[in-house]
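Participant: As a plain string of letters, each chain reads:
There are 2 protein chains.
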Amino acid sequence: MAGKVIAGITISVDGYITGPDDAPGRGLGAGGERLHYWVFGGPWTYEAEREFGSMDGIDKEFYDDLTAGLGTGICGRGMYEAAGAWGGTNPFPGPLFVLTHRIEDAPDPATGFTFVDSLAEALEQARAEADGKDVSIAGGADLIRQALAGGHVDQLALSISPVVLGGGKRLFEGFEQDVDLEIDRVYASQWATHIRYTIKR
Amino acid sequence: MAGKVIAGITISVDGYITGPDDAPGRGLGAGGERLHYWVFGGPWTYEAEREFGSMDGIDKEFYDDLTAGLGTGICGRGMYEAAGAWGGTNPFPGPLFVLTHRIEDAPDPATGFTFVDSLAEALEQARAEADGKDVSIAGGADLIRQALAGGHVDQLALSISPVVLGGGKRLFEGFEQDVDLEIDRVYASQWATHIRYTIKR
Numbered sequence: 001m002a003g004k005v006i007a008g009i010t011i012s013v014d015g016y017i018t019g020p021d022d023a024p025g026r027g028l029g030a031g032g033e034r035l036h037y038w039v040f041g042g043p044w045t046y047e048a049e050r051e052f053g054s055m056d057g058i059d060k061e062f063y064d065d066l067t068a069g070l071g072t073g074i075c076g077r078g079m080y081e082a083a084g085a086w087g088g089t090n091p092f093p094g095p096l097f098v099l100t101h102r103i104e105d106a107p108d109p110a111t112g113f114t115f116v117d118s119l120a121e122a123l124e125q126a127r128a129e130a131d132g133k134d135v136s137i138a139g140g141a142d143l144i145r146q147a148l149a150g151g152h153v154d155q156l157a158l159s160i161s162p163v164v165l166g167g168g169k170r171l172f173e174g175f176e177q178d179v180d181l182e183i184d185r186v187y188a189s190q191w192a193t194h195i196r197y198t199i200k201r
Numbered sequence: 001m002a003g004k005v006i007a008g009i010t011i012s013v014d015g016y017i018t019g020p021d022d023a024p025g026r027g028l029g030a031g032g033e034r035l036h037y038w039v040f041g042g043p044w045t046y047e048a049e050r051e052f053g054s055m056d057g058i059d060k061e062f063y064d065d066l067t068a069g070l071g072t073g074i075c076g077r078g079m080y081e082a083a084g085a086w087g088g089t090n091p092f093p094g095p096l097f098v099l100t101h102r103i104e105d106a107p108d109p110a111t112g113f114t115f116v117d118s119l120a121e122a123l124e125q126a127r128a129e130a131d132g133k134d135v136s137i138a139g140g141a142d143l144i145r146q147a148l149a150g151g152h153v154d155q156l157a158l159s160i161s162p163v164v165l166g167g168g169k170r171l172f173e174g175f176e177q178d179v180d181l182e183i184d185r186v187y188a189s190q191w192a193t194h195i196r197y198t199i200k201r
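Chains as they are written, first to last, in the working numbering: chain A, 1 to 201; chain B, 1 to 201.
Extracted from the complex, chain A is given alone in its bound form (with noise of 0.2 Å):
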């Protein structure tokens, strides 16, 4: 049996993924920290030390359920580049994909990051490697509308963070498609709300 493609994200309230002026060191934007106080268990800043994966029970039980199936992934090259390619290391249990025009730039297989230069190509590397386990798109925005109007998602996770950003990147800009959607299931917490939906055809 095939995995699905699941997009997740998190999103402000006025549906930005990110603040205003996001950037290497602050892939958020200005303000934008708040939309991960889910992922750190709360506050957290730019400049402080965290620790991923510090959530609260709620918001754990989600990204648990959410990651379970993963067999890989795919992220755009903003994301990768304004998440400092996480290090150097592909910190995610399978093989990244990072979409990206620029494939002549790409990093040692080694750091388990594999550069595709399309979506098509992106999709099919990762099905293949998931191996009947689920794909994963991780962003950035375009990334996820790109793949949205392909009809290439199966499943939609939202993060809704309690914030009202006022600017910065959103998720469905310019994104004209009509599409229809059924609520699998809610998590609540106290940092954000998360909707699973499943893409109806």
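Don't read these hints as lab results, they were simulated from the structure. In this text the structure is predicted, and so the values were computed from the model without any measurement. You may find that some hints are simply not true.
[Said to hold, decoys possible] With a straight-line Cα cutoff of 27 Å, these simulated BS3-like cross-link-like pairs (lysine-lysine) come out:
no.	chain 1	residue 1	chain 2	residue 2
1	A	133	A	4
2	A	133	A	200
3	B	60	B	133
4	B	4	B	60
5	A	200	B	60
6	B	200	A	60
Use these hints to put chain B onto chain A, whose structure you have.
Facilitator: Showing chain B alone in chain A's frame:
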């Protein structure tokens, strides 16, 4: 004790309060019926008869909790028109103040509608008439943005329906302020995810 000002509205996953081309008789725009499946306990169409308040358990619980404390309401002229003035009589428990630049064509006070030409005036009258109960700000989007930007809103109640509309009137269109929220309660039904927030100051 003064009541709270509560802005409440239903949005799509991509943040629209109507689909494209809303008009009298189809106030939620093209495909926008799905926004209000939760109001009617399931699918309905603009053409078919429908009964307000035929809600499912969780949706009804959310609605009852929200409206239990309401004394009065404020809405914009556009919403009033799009709703066809609710057939000519205010269907809500308390007086409804309609914000409009054209107060000269105000309906008979017996309808339960009062036209006012500034938000300050609407808030003053609505608070006075609410007599310690809560004041609802029901939309449209521009009125909610104006009330939020002015710091008049104490709570935000968003019902997020499982649909991506791809166009229409966006709740946070052009809204550039940063607003911190706290999650009070989440009501999860199959038709919508209702999130009640308190505005942090």
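Participant: Does each hint hold? Answer for all of them.
Facilitator: To see whether the hints hold, each was checked on the structure:
Restraint check for residue 133(A) and residue 4(A): the C-alpha separation of about 7 Å stays at or below 27 Å, so the hint holds. With a C-alpha separation of about 20 Å, the suggested pairing of residue 133(A) with residue 200(A) holds against the 27 Å cut-off. Between residue 60(B) and residue 133(B) the alpha-carbon distance is near 20 Å, which keeps this suggested pair within the 27 Å criterion. Taken as a hint, the residue 4(B) and residue 60(B) pair is honoured in the structure, with Cα atoms around 21 Å apart against an allowance of 27 Å.
Under the criterion of a C-alpha separation no larger than 27 Å, the hint pairing residue 200(A) with residue 60(B) is consistent with the structure, at around 25 Å. Pair hint residue 200(B) plus residue 60(A) holds up; C-alpha atoms about 25 Å apart against a cutoff of 27 Å.
Checked against the numbered hints above, the structure breaks none of them.
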